[in-house]
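Engineer: Given chain D, put chain A with the ligands in place with the hints provided.
2 protein chains.
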Amino acid sequence: MKSIKGCPFGTHRVIEPKGTLPQAATKIDNTMEIYTNEMLIDVKTLNVDSASFTQIEESCHGNVECIKDTILKIVADRGKLQNPVTGSGGMLIGVIEEIGPDFPTDLKVGDKIATLVSLSLTPLRIDKILKVNVETDQVDIEGKAILFESGIYAKLPNDIPEKLALAVLDVAGAPAQTQKLVKPGMTVCIIGGGGKSGVLCAYEAMKAVGKDGKVIVVEYSPENAKRIEELKLAHHVIIADATKPVEVYQKVMEVTGGSYCDVVINNVNVPATEMSSILITKDEGTVYFFSMATSFTRAALGAEGVGKDVTMIIGNGYTKGHAEVALNILRESKEIRELFEKLYI
Amino acid sequence: MKSIKGCPFGTHRVIEPKGTLPQAATKIDNTMEIYTNEMLIDVKTLNVDSASFTQIEESCHGNVECIKDTILKIVADRGKLQNPVTGSGGMLIGVIEEIGPDFPTDLKVGDKIATLVSLSLTPLRIDKILKVNVETDQVDIEGKAILFESGIYAKLPNDIPEKLALAVLDVAGAPAQTQKLVKPGMTVCIIGGGGKSGVLCAYEAMKAVGKDGKVIVVEYSPENAKRIEELKLAHHVIIADATKPVEVYQKVMEVTGGSYCDVVINNVNVPATEMSSILITKDEGTVYFFSMATSFTRAALGAEGVGKDVTMIIGNGYTKGHAEVALNILRESKEIRELFEKLYI
Ligand SMILES: NC(=O)c1ccc[n+]([C@@H]2O[C@H](COP(=O)([O-])OP(=O)(O)OC[C@H]3O[C@@H](n4cnc5c(N)ncnc54)[C@H](OP(=O)(O)O)[C@@H]3O)[C@@H](O)[C@H]2O)c1
Ligand SMILES: NC(=O)c1ccc[n+]([C@@H]2O[C@H](COP(=O)([O-])OP(=O)(O)OC[C@H]3O[C@@H](n4cnc5c(N)ncnc54)[C@H](OP(=O)(O)O)[C@@H]3O)[C@@H](O)[C@H]2O)c1
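Going down the list, the sequences are from chains D and A.
According to full-length UniProt numbering, the stretch in the first sequence is residues 1 to 345, in order.
According to full-length UniProt numbering, the stretch in the second sequence is residues 1 to 345, in order.
No false leads were slipped in.
It does not matter which identical chain is used: a pair holds within one copy or between any two.
Only pairs whose alpha carbons sit at most 30 Å apart, straight line, appear in this in silico DSBU-like list of lysine-lysine:
| # | residue 1 | residue 2 |
| --- | --- | --- |
| 1 | 282 | 183 |
| 2 | 282 | 18 |
| 3 | 251 | 27 |
| 4 | 183 | 320 |
| 5 | 180 | 320 |
| 6 | 320 | 342 |
| 7 | 320 | 251 |
| 8 | 180 | 214 |
No lab work stands behind these hints: they were computed from the structure.
So that you can see chain D by itself, here it is in the shape it has in the complex:
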């Protein structure tokens, strides 16, 4: 271990360009001697971001040796597994090997963790690729990684299979934010509520609104809508296309008897659904955009265009305790756990 403390955000490992943060850097220092505020991880599996894995797989025409070489080359060039085409990374699973005295944690050496910051900023060294699983985008390796002081992670639970935990941790910010935003008695709408993050948000919203509140889910496909109904994760399920604001507005007004929603959570994975979310929100209500397909300008100008005084929040992937909130849903709800086991294992 070095005897000095690094920058909490890892800028001490940026090689080029200087002055940027590790995520924006093209090359970072992946020497595996830690600073006093870093953590060393013995890596087991890389869970490559789906956009990145697909790009690599296609450029290799599915050839596994080529995929291995591409991954090795990226890490050799950049010191991190950040796909130069997509810019994205992924997460990793590993065992804690060393903890610097200035790294704030209550975990100990030997604990198994998943990192919750992107591989696109995580110093990584790959000694050997053991296996590439093209079905799950997972790559088993021998290697090491570093977590910065500001890096977030979750201890992997013993009672939940790794893959299931990973699937849920990927979207852990959304249910935790739902828990924070929704209060008893509120009317809440989850747009795209039949998907992975949507189901988790609907579960938290049902708990939080209590007996006087109302949860509405808007879903595109009848199958996903049926799923929500069967799981009793909403008081009303509406089948509608969230890219059609007027249709969504009318259908929501029908089930609410003309009143607007206090909180709207957008979990859709397609663009152009901002206006649906804004139109159904009441003045001084909140729209929480978790969808990465959200356009900043479309939301800002759209709300102004219809004179809506709503607070629009950019879905932060992180909030305190988010991993526990998400994993606890699998512990509390046998039905959601069974569904997710079917879908993601």
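Structural biologist: Here is chain A with the ligands on its own, set in the frame of chain D:
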């Protein structure tokens, strides 16, 4: 007047494509017979959006007759002045000619107003173009326009010249949101605080933090920084490039003695300043992105990447009472009024 009520958002005037809102429509109905929840305006001046005006001016090589023809053709084709290339519109000034009984307002026929919703969604008919002012992007016309029930507007004050009022109304959302977010004793940072919206936000922040709070302005150019110092609109002025997060972080930490900001307001007009805003915000603090150059994904993934539990808000151009808040600054501060008269008239 028709005897029926239209949709509050104006979808009753959408000709194509059906199912969209007026802003997304390619053609809307600009018949000047109002529905019971509309307002008819006798238009005096169109204040064309700068991006739109520049595009038209360039395509016409500066020829005024060509600019006139282009504007007339757009309105004839679309029923609204929405530039087909830039997608943007602008605002208008006019006199209220007729108010439908279901249009909620305390104004009366004859009052002079500015519309605060975009021309890109406002039904417009131009009878004659009187004058094109290429210096100010303003076009004097004879014509009419319609405001929908959800459309917002401001009564033009008698004590402030029209052009000055327009310049300030353009960014009115920002100071009003600042007033709402900032509480006594807070540490607040305004990034890009030397610009138009920045000055207004800094003024409101200074008022709101009170004697125990602290306002920090980060500005790029020494001239704009000096302006803030002279106007006493901040306790600390930092000259730094907001696209360099580490530089901004270090300089802010220097003046705060290592503590983070409760509220950060971003008013910069260039991209890639999200991380500067996020890094200096304290956990559970708020970043308010007013800048239209904000990237949704860069903010969402960036905050996660450094494990920051901050609330990030998309700057809504509208909030209740925003026009009055902005105009009142010109009434309260002789210095800001003089500065803006110099800059914008
Ligand atoms: N902010 C963050 O930090 C963060 C982190 C992770 C993920 N995300 C984002 O969160 C979003 C959701 O992720 P996810 O894993 O929950 O995705 P998902 O499981 O694919 O869920 C998306 C849901 O939206 C529905 N949908 C699609 N088009 C629709 C439409 N036009 N109208 C109504 N519903 C529609 C889908 O229904 P069908 O299946 O019937 O199409 C599906 O149920 C993605 O955009 C992802 O990028 C954000
Ligand atoms: N959300 C909404 O509804 C809404 C409505 C209207 C406008 N806006 C947006 O608000 C933003 C600001 O508008 P405005 O009229 O106030 O613009 P402005 O007067 O041009 O102000 C921008 C300020 O940012 C400074 N700046 C530029 N680059 C910088 C850097 N790298 N580091 C630090 N400061 C930098 C500029 O300084 P220099 O002059 O030295 O370059 C200037 O003082 C724009 O993006 C605009 O699109 C949003």
